[in-house]
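A.B. asks: Okay, here's what each chain looks like letter by letter:
Number of protein chains: 2
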Amino acid sequence: MTKTNMLIAQSGGPSSAINASITGAIARGMASTRIDNVLGAVNGMQGFLERRIINISDQMKTSEDFDLLIHTPAHALGSSRYKIPKGGKEIYGQIVEILKDYNIKYFFYNGGNDSMDTVNKLADFLRDAGEDIMAVGIPKTIDNDLELTDHTPGFGSAARYVATSVAEVYLDTTVYPAPAATIVEIMGRNAGWLTAASALARDCGVPAPHLIYLPEVDFDASAFIKEVKALLAKEPHILIAVSEGIHDAQGNYLADTGAEADMFGHKTLGGAATVLEAMIKREADVPKLKTRAIQLSTLQRAAAHCASSVDLEESYQCGYRAVEAAVNGMSDIMITIARISDVPYVVRYDVGRLDDIANKEKKVPADWIVRDGTDVSAEMLRYLRPLVAGETSELLTEGLPRFFRFDLGRTVMPWEVK
Amino acid sequence: MTKTNMLIAQSGGPSSAINASITGAIARGMASTRIDNVLGAVNGMQGFLERRIINISDQMKTSEDFDLLIHTPAHALGSSRYKIPKGGKEIYGQIVEILKDYNIKYFFYNGGNDSMDTVNKLADFLRDAGEDIMAVGIPKTIDNDLELTDHTPGFGSAARYVATSVAEVYLDTTVYPAPAATIVEIMGRNAGWLTAASALARDCGVPAPHLIYLPEVDFDASAFIKEVKALLAKEPHILIAVSEGIHDAQGNYLADTGAEADMFGHKTLGGAATVLEAMIKREADVPKLKTRAIQLSTLQRAAAHCASSVDLEESYQCGYRAVEAAVNGMSDIMITIARISDVPYVVRYDVGRLDDIANKEKKVPADWIVRDGTDVSAEMLRYLRPLVAGETSELLTEGLPRFFRFDLGRTVMPWEVK
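Protein chains in written order, with our numbering: chain A, 1 to 418; chain B, 1 to 418.
Treat the hints as calculated values from the structure; they're not laboratory data. Honestly, I wouldn't trust all of these hints.
[Stated by the list, open to error] Restricting the straight-line Cα-Cα distance to at most 25 Å, the calculated cross-link-like pairs of lysine to any residue (SDA-like) are:
| hint | chain 1 | residue 1 | chain 2 | residue 2 |
| --- | --- | --- | --- | --- |
| 1 | B | K61 | B | K418 |
| 2 | B | K234 | A | Q46 |
| 3 | B | K290 | A | I84 |
| 4 | A | K234 | A | D203 |
| 5 | B | K288 | A | R189 |
| 6 | A | K288 | B | L408 |
| 7 | B | K288 | A | Y82 |
| 8 | A | K229 | B | G409 |
| 9 | A | K3 | A | F125 |
| 10 | A | K83 | B | P179 |
| 11 | B | K288 | A | D114 |
| 12 | A | K290 | B | R189 |
| 13 | A | K290 | B | N113 |
| 14 | B | K83 | B | D101 |
| 15 | A | K234 | B | R405 |
| 16 | A | K234 | A | D220 |
| 17 | A | K290 | B | R405 |
| 18 | B | K86 | A | A178 |
| 19 | B | K290 | A | T257 |
| 20 | B | K290 | A | L408 |
| 21 | A | K290 | B | F406 |
| 22 | B | K3 | B | V96 |
| 23 | A | K363 | A | R202 |
| 24 | A | K363 | A | R189 |
Owing to the predicted nature of the structure, the values given are computational and were not obtained by experimental measurement.
If we strip away everything but chain A, and leave its shape as in the complex, we get (with noise of 0.2 Å):
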């Protein structure tokens, strides 16, 4: 008797929620009497039109290896940055070749905007050619930037790292009695609110940040240094948290235009934080006034061991329900998470259509962003409080997390699972 299969990738950047929602996809497939093997594809659509596509269901053996796979951060099946061409029909074409090829009749995309861009198309695709292969999105995104959902799986984990570590390094500059000012540089280029998340850092009962600049609102570079030398004639030390895509009006980013920063006209290298930290020094005018430009790098998206265990838990619900979406007869949509309250904090699961998520960018609404442009407002710490909420939820031996790790080099032939 012939195989019905499903086939998972992901996309986009990393987080570290995204492997608890491919462990819910996979844990639901292979608990699915209507699906016999799992498969995933190795670095996402790249290496599924390559055929680099593993048996997922030989792979994971042991309810530990699921526990494994909810914790270990960044795509444990690769990404890619592949966009399928514009008007690319025999790319399609290819697509659907593969997935009759290896009986696929589920196909589900891991990822942000551009993925639920390639799962609508594909979702068009095999309808209109009255394929009977259902495509379902799962969203993922640490900038939490996709319409329709609430927020999104990845955010909340990373939104938990920026508040604890933004609170941390406060108590580190505040040692010293000389003026220290630090910039920390928060991930989200478009999008605020992951910047936003550093005004969680209160909770932890530190003033920092002091001043919070989004991408949202034009940055104005002489109204800064104001509110910095303000500050500063206040308290010795203060922390700013600044997205990495601050810009001017005229959209400049300012991690591009650092020239001014040295008389002889060199452009700064790094990003924002850094041209801001030059700013300060050269305009802030206090004396012995230390400086730091801190970037959060790519922990913010990786760091598994500062995780949500909400955010796991969401993030692999997501996984787990696209699945059952599918194989009840959904395509061309996307798990959603709906709130129903704050405290206490209460989601239901939902759909969208994908018409309605693909390529299109949440930002943060413009009266949650207050002081002029300063700082967020009391519904933004009312929305983010629960989705950083938890336990810290680790797998360690000796004190050091351990990862799951598929063999993606394995891959499998369309006989192999037919």
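The hints should help you fit chain B onto chain A, whose structure is shown.
C.D. replies: Then chain B, alone, in the frame of chain A:
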């Protein structure tokens, strides 16, 4: 009746375990029938000389305060960069005057090499002056470079953060098929212990770091590029761990020699990792190679959320036993940790003479550095493993840490504690 008081102060750079040490000292002091008030100096010796002295016994009320203080990173009493000037006899006279004014019979200084030098000189002065005041050192440094002690409080937590973060960053670098070289820069200007701890990332099941460069070995740029090229010929994603203090055979720090990175003779901004990144970009000759320099920044010393519970416990014990030693009439000593066995991990606490510790730097032994200075030995791993162990020990509220903060402005006058 006249009261007998103890005073504790902190110095040097922050760590996430430094307040566990003062918690141990405070707990022992408050429980001692020989001590009436536990006092604290704000901003180390500098604040002490300015009589910025608080009454800790008045500010710590509940057992939760003690729990929170253990888990609070970075000097809760503040630090200072103040060093007593050479031959500053009159300064020691001033110190003794303040000690007597406040009826302080036991003086504790929590810090690294420089701080131990201060305690050493103060203890000598007190003895020569015939004063019955004990001066005892409590070790602290993420650099692990103090003599006579197997390791230093604070090191294990920083090591755990470094190993965990390197493993997570490595997974993040592997998700795209394109080749990538990532350089992670780690603190420790003269001693490579913390950089060596990056090798524990391999215990998480990843091959990173592929190369490890400590400041104990002169850095050879051409050998480095040869190693990088050979590695990239074999595998697409490599991670290099490097101490901030690597230098060439002439002693020039790499962080200061970025001049070649740019054809116009501009220096590369940033540290050693940025210089190595530029070097790889220029010389490695690998098409489409993605490079990234990551500085673990102050989080490696402040990330209490990743503290080793073994380290926190030992740090607490060092403070606790310092008070016991002083009350038993010991002075001019530092509490040390002696290792009895690796597996099971057993230590005992001892005391070391400050004459043998002050101003000395314990470096990584040459025979623990292997593979032509690009890796560390199995002995190093055996040494490191127990230090990072333990469960994550946090006090969370809704997923975020809370900290204990003294009211550092609430100073007391001598007559209030006499």
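A.B. asks: All the hints need checking, so say for each whether the structure fits it.
C.D. replies: Going down the list of hints, with the structure as the test:
{"no.": "1", "hint": "B/K61 with B/K418", "result": "21 Å, holds"}
{"no.": "2", "hint": "B/K234 with A/Q46", "result": "22 Å, holds"}
{"no.": "3", "hint": "B/K290 with A/I84", "result": "22 Å, holds"}
{"no.": "4", "hint": "A/K234 with A/D203", "result": "22 Å, holds"}
{"no.": "5", "hint": "B/K288 with A/R189", "result": "23 Å, holds"}
{"no.": "6", "hint": "A/K288 with B/L408", "result": "22 Å, holds"}
{"no.": "7", "hint": "B/K288 with A/Y82", "result": "15 Å, holds"}
{"no.": "8", "hint": "A/K229 with B/G409", "result": "23 Å, holds"}
{"no.": "9", "hint": "A/K3 with A/F125", "result": "23 Å, holds"}
{"no.": "10", "hint": "A/K83 with B/P179", "result": "19 Å, holds"}
{"no.": "11", "hint": "B/K288 with A/D114", "result": "22 Å, holds"}
{"no.": "12", "hint": "A/K290 with B/R189", "result": "20 Å, holds"}
{"no.": "13", "hint": "A/K290 with B/N113", "result": "23 Å, holds"}
{"no.": "14", "hint": "B/K83 with B/D101", "result": "22 Å, holds"}
{"no.": "15", "hint": "A/K234 with B/R405", "result": "19 Å, holds"}
{"no.": "16", "hint": "A/K234 with A/D220", "result": "22 Å, holds"}
{"no.": "17", "hint": "A/K290 with B/R405", "result": "23 Å, holds"}
{"no.": "18", "hint": "B/K86 with A/A178", "result": "23 Å, holds"}
{"no.": "19", "hint": "B/K290 with A/T257", "result": "23 Å, holds"}
{"no.": "20", "hint": "B/K290 with A/L408", "result": "21 Å, holds"}
{"no.": "21", "hint": "A/K290 with B/F406", "result": "23 Å, holds"}
{"no.": "22", "hint": "B/K3 with B/V96", "result": "17 Å, holds"}
{"no.": "23", "hint": "A/K363 with A/R202", "result": "23 Å, holds"}
{"no.": "24", "hint": "A/K363 with A/R189", "result": "11 Å, holds"}
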